[in-house]
Amino acid sequence: MFKLILKMAWKNSFLRLSRTILVLIMIAVSMSMMLAIEGLYDGMAENMINKNKRSESGDISIYAKDYRINKEIKHFIKDALPLKREIENIKSVQAVILRVNAEGLASTARKSSFASLNGIDVNAEEKFGKFSEFLHEGEIDVSKRGALVGIELAKTLKLHIGSKIIFSTQDTHGEINSIALKVKGIIQTTNIKLDTSAIFIDIKNMYKLLDITNATASQISIMSEDTQLLELLKQKYPQLDVKSFLELQPMMKMMQDMMFIFNSITFFIVMLVVFVGILGVMYVSILDRVREFGIMRGIGMAYKHIRIQIILESVILAFTGYIFGAIFGILFLLYLGEYGLDLSSFADALESFGYETVLYASIKFSYFTNTFFAIMAASVLSAWLPLRKIKKLNPIEVIKAQI
Amino acid sequence: MIQLHKVNKYFYKGETREIHALRDINLNIEDGEFSLFSGPSGCGKTTLLNAIGALDNIDSGKIYLDNKEITSLSENEKTQLRLEEIGFVFQAYNLLPVLNVEENIGFIMKLRGFSDKEIQERVLEIANILEIDNKLQSLPNTLSGGQQQRVAVARAVASKPKIILADEPTANLDSKNSHKLITMMKELNEKEKISILFASHDEFIAKSVRRIIKLEDGALV
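Protein chains in written order, with the numbering used here: chain A, 1 to 403; chain B, 1 to 221.
Please note: incorrect hints may appear among the correct ones.
To be verified - Subject to a maximum C-alpha distance of 20 Å in a straight line, what follows is the list of computed EDC-like cross-link-like pairs (lysine to aspartate or glutamate):
#, chain 1, residue 1, chain 2, residue 2
1, B, Lys6, B, Glu84
2, A, Lys71, A, Glu292
3, A, Lys304, B, Glu84
4, A, Lys392, B, Asp116
5, A, Lys391, B, Glu75
6, A, Lys243, A, Asp79
7, A, Lys391, B, Glu77
8, A, Lys304, B, Glu77
9, A, Lys392, B, Glu77
10, A, Lys3, B, Glu118
11, A, Lys3, B, Glu77
12, A, Lys127, A, Asp59
Keep in mind the hints are simulated off the structure, nothing from the lab.
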């Protein structure tokens with residue numbers, strides 16, 4: 001019996017071909033657009049998070065207890081080097097890096113600005129977060145007092161490759177010390193904090209400037225996908241301030257949540273469109289065939305069989321639309337993942353929020369599974385109204401009406 | 001056997017009784033009958049046929065099919081009764097457009113749960129009698145009116161119901177096709193021992209049936 005009902009449902013779904021094609025196009029286009037938007041939102045968020053992790057916090061960062069409140073040298077981690085070695089020995093840790101940070105004043109002959117001087121080991125940073133990918137202009141060279149400057153800070157101080165700057169800060173004894181630096185590269189990380197205030201120099205120059213030992217660091221940054229690691233480190237080093245990426249970057253968490261809300265709203269709107277589309281087609285299709293259903297009931301077909309037929313018709317429409325939507329969606333996402341969406345004309349606005357000007361989409365299997373279940377649910381729901389019409393149908397009225 | 005006892009049916013406009021469509025109908029129809037409800041338009045032929053077929057409700061009285069009262073059945077029970085005991089042939093054929101002739105004929109058998117083999121054999125048998133065996137794979141819209149009505153008769157007969165109710169089955173057919181259809185239905189009545197009741201003005205049907213039940217203004221005359 002089911003085979004016959006399925007056959008009737010299948011044939012009825014394509015009985016009015018132009019109408020069916022129209023609804024299939026509607027489902028496919030809205031679904032593929034939704035997948036593209038979802039991929040772009042996620043891609044944008046992931047890219048931003050990824051760059052923030054690589055350029056600053058890693059997955060986990062460790063500071064001395066009071067350092068994040070009061071960024072003075074006395075709050076540096078004194079035994080950072082042995083600590084780093086200990087952490088490197090944990091199996092799930094992919095990379096560990098030490099950074100020394102000091103806030104102070106960066107000056108040129110004409111301008112000065114607040115800046116944050118970061119002592120880094122370029123080779124280690126490269127392994128940690130492919131640091132060279134952040135280079136916007138010049139070269140990654142911190143030898144001989146070479147410095148890499150954040151792109152926004154460079155604009156503020158009107159710095160170019162080869163420009164000279166003086167950075168002044170307090171050393172470990174409370175004395176004001178300065179270092180003359182030559183700009184070798186301009187860095188763009190899309191991490192607003194770094195782009196607007198960071199100057200990167202060789203960590204060894206930093207030790208000298210602050211008069212601290214090479215065992216000292218302001219931050220230990222760790223790359224690891226191990227979700228248990230944070231708790232392990234918190235327990236192991238209760239005297240230190242162990243923080244996850246999202247604890248350190250609440251904006252990122254907010255952005256992730258916002259993207260989730262945007263995606264949910266888009267998802268809801270598209271599902272509403274799908275629901276209304278199928279509902280409309282099903283309703284018109286049922287109205288066209290009221291006589292047929294009346295006769296079917298008249299000759300003894302149970303309502304439950306008619307219900308199965310109508311739900312199947314709706315599901316067939318939705319499923320066919322889903323297949324086309326998924327194909328177009330994959331093509332869109334692959335294109336956007338490879339070539340991106342170029343929004344250079346909005347570069348200033350986007351960069352000021354820390355976004356890339358070319359947005360690349362990510363592809364997740366969950367896009368397709370979630371959409372599949374939502375479309376199937378929408379199709380079953382959209383059969384509900386036409387079914388009410390059929391349930392109320394009095395066969396005799398239909399039979400009388402035709403005579 | 002069908003028995004009607006003091007059957008009354010009214011048609012309403014709002015809450016007012018507009019037409020007394022069936023008036024105190026008392027009637028016995030024996031198994032295997034080949035009968036006609038005749039009378040002028042609006043006399044209640046179709047209403048009576050629909051009441052017997054549990055398609056329409058009556059306002060008073062009782063209708064029995066094989067001593068089982070059918071007027072008090074629920075809608076689902078009536079649907080089941082129509083499926084198992086009654087075959088319908090309508091004026092407008094009412095075949096399912098997406099199914100081919102073979103599937104249309106076997107449709108009720110399928111609903112009743114006959115096996116595919118039983119359905120296939122029975123469809124072929126009936127299609128042979130009604131001379132539509134060469135059209136089994138055709139869709140209804142490719143058939144002539146006469147052929148479509150024969151498919152409708154085949155569908156009604158295939159599952160061997162107790163009774164077939166045919167409402168103006170020849171109204172859309174020319175005289176040649178009408179004669180052919182009624183002759184075939186008579187053969188089926190004799191061969192299959194299925195009661196067939198017509199509601200029609202057709203003179204050829206009137207000549208062919210064994211009993212004519214006349215109605216006027218909703219009452220038997």
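Hints and how they fare:
no. : hint                   : in the structure
1   : B:Lys6 with B:Glu84    : violated (26 Å)
2   : A:Lys71 with A:Glu292  : violated (80 Å)
3   : A:Lys304 with B:Glu84  : holds (17 Å)
4   : A:Lys392 with B:Asp116 : violated (32 Å)
5   : A:Lys391 with B:Glu75  : holds (11 Å)
6   : A:Lys243 with A:Asp79  : holds (18 Å)
7   : A:Lys391 with B:Glu77  : holds (15 Å)
8   : A:Lys304 with B:Glu77  : holds (13 Å)
9   : A:Lys392 with B:Glu77  : holds (16 Å)
10  : A:Lys3 with B:Glu118   : holds (17 Å)
11  : A:Lys3 with B:Glu77    : violated (25 Å)
12  : A:Lys127 with A:Asp59  : holds (15 Å)
Comparing the model with each numbered hint stated earlier shows that hints 1, 2, 4 and 11 do not hold.
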